Amino acid sequence: MTENTLTQFKKELDSFFLIVSMNMAAGALAMAFGLQYLVARILDLSVWQVSDTFRIPVAVFFLVCIGLGFGWVLSSARILRGVKSVRRESRLRTGPVPAETLTCWIVRTLAHYRENRQTVRWMVPVSALGGCAFLVLGTSNLLQGIGLIGGGIQAFALVAAVINLTIGTASVLCTLYFRRYSASWDERIDGAARSENALRCALEQR
Amino acid sequence: MAGRRTQYEIYWEILVYCRSPRLFTAIINRCDLNSKTGQEYLEFLVSRGYLALGKDGEKTSYRSTPQAAEYIALFSSLYQKLFDSGPGFRL
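Line order of the protein sequences matches chains A and V. Count along the first sequence starting at 1, add 9, and that's the number in our numbering. Count along the second sequence starting at 1, add 491, and that's the number in our numbering.
Heads up, a few of these hints could be off.
Claimed, not checked - No farther apart than 30 Å at their CA atoms in a straight line, the calculated lysine-lysine pairs in the DSSO-like style are these:
no. : chain 1 : residue 1 : chain 2 : residue 2
1   : V       : Lys-572   : A       : Lys-93
2   : A       : Lys-20    : V       : Lys-572
3   : A       : Lys-93    : A       : Lys-19
4   : V       : Lys-546   : V       : Lys-527
5   : A       : Lys-93    : A       : Lys-20
6   : V       : Lys-572   : A       : Lys-19
7   : V       : Lys-527   : V       : Lys-550
It should be emphasised that the hints constitute simulated quantities derived from the structure, not laboratory data. None of these values were measured; they are calculated from a predicted model.
So here's chain V without its partners, still in its complex pose (with noise of 0.2 Å):
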């Protein structure tokens, strides 16, 4: 996903897109974050318990939590809203 996004729209990106366990390369391909940032996004999760580390051989992947998921509800029940108030757009 490309364009302007938020700290907050990128964690709830990489958390759904955790939900099978995935390696750090595509975790930053498909997040389109470079190597240090998406690093530094993936520790924070980490250690907040939203993300699990697992193996997959010898690479390290990473897998959301269940605690994750009340984050991305919230988000989208958030995001949701945006367009239930507000003046709306229409031809």
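Isolated chain A (complex conformation) (with noise of 0.2 Å):
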């Protein structure tokens, strides 16, 4: 049993691994893009062409967008450390793993999980709607693009909008993955509860 458990262990930390990490850099960037446009804003490059109207409202966007990137950033960093820690033993572990360790990691894996159940259940919406809102950018950028806003082909509007719709995509995904995540630790929260109905029978038959 310990084999196939420490597979499973195993592969589910290396795939939540890689969420956070992909659900991190999205974070990273739409925080660059709000620094982005603040900054053009403060050396008065008009690199968005953005009109004196609109000037305030979509500078208040920005900076919402640097505020929940830089929350997004930081909650990845907390949940992305606590698995890493036990990502990084059972990785460097070499040869067969005696079921307390294994047990030990998984301890450790459920009260972190405990932890942060909150953060990793807003990760959800959070991601979902950062994502909607990098492929709505992505999507207006290969208008831009293409020429159908603005007039004539534009390249660097086409890369980013390559870049956008990529991060958006990635976000979605990664909504997706967090929802299936959650599920499955939940239901192990679940379990655990219902086996302290065991442990504390074991406990005090003494």
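Fit chain to chain and form the complex, with the hints in mind.
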């Protein structure tokens, strides 16, 4: 049982590590785009070509982007830190893993999930929202790039479209995977709670 | 071990760590407990016969008894089963 459990445990950790890393990258990019706009405003570079009427709401939107991106990166980093230490230990381990060591990793991961359960749940809508924003931005870049907005093909806008659409798709995928991860670990938390009865009996029978 | 643990996970951790005789401060440091709760956990385990008291110079040490092995084995089997059932998660 230990070998199968270990294999599954490691695969889950690797998958989760990848998702949180992708999510962190998306958050960092959301923050970077917000900063890029604000710096351009400060330096008075009209890279976004936004009319004066919309400057303030657009600046507020990008400030919110920076804040959300910052929170997004911090939350992802906090989640990643707990998973990273267990993952590193499990990867560095060579040879057969004693059942007790595996149980220790499971307990640590469960404890980490319990502590960050709300954050992981929040990642689902935040990731979806971020993903949709990138997809909208990417689509507008694409329309601009192929000349439907502004006229003429613009290579820079096409590059931006590819980047934004990729990040948007990755974020939407992250949402789906976060939901699956959350469902899977919620079930384990419930399973651990159910086994408490057996553990209480074992402890108190003496 | 940090994070939010249940009392049964803490009992398991203490019992595994105390396979060799351990001092109170070492146990609470290792298991990330404060002295008040650490004392409560240890008193419970001693009262149920899962931990035995010993002497390490002037200080009291704690060591898991053979009965603790039953709890440790049951705990390991129940927690590993969490990965055998359920949907699992993979990319």
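Here is how each hint holds up against the structure:
With a C-alpha separation of about 23 Å, the suggested pairing of V:Lys-572 with A:Lys-93 holds against the 30 Å cut-off. At roughly 16 Å between alpha-carbon atoms, A:Lys-20 and V:Lys-572 fall within 30 Å of each other, so this suggested pair holds. As the CA atoms of A:Lys-93 and A:Lys-19 are separated by approximately 12 Å, the hinted pair is consistent with the 30 Å bound. Simply put, V:Lys-546 and V:Lys-527 have alpha-carbon atoms about 21 Å apart, close enough for the 30 Å limit, and the pair holds.
Annotation: proposed proximity of A:Lys-93 to A:Lys-20 holds, straight-line Cα distance about 13 Å (limit 30 Å). Of the pairs offered as hints, the one joining V:Lys-572 and A:Lys-19 holds, with about 15 Å between alpha carbons and a cut-off of 30 Å not exceeded. Proximity of V:Lys-527 to V:Lys-550 is assessed by CA-CA distance (about 18 Å); at most 30 Å being required, the pair is judged to hold.
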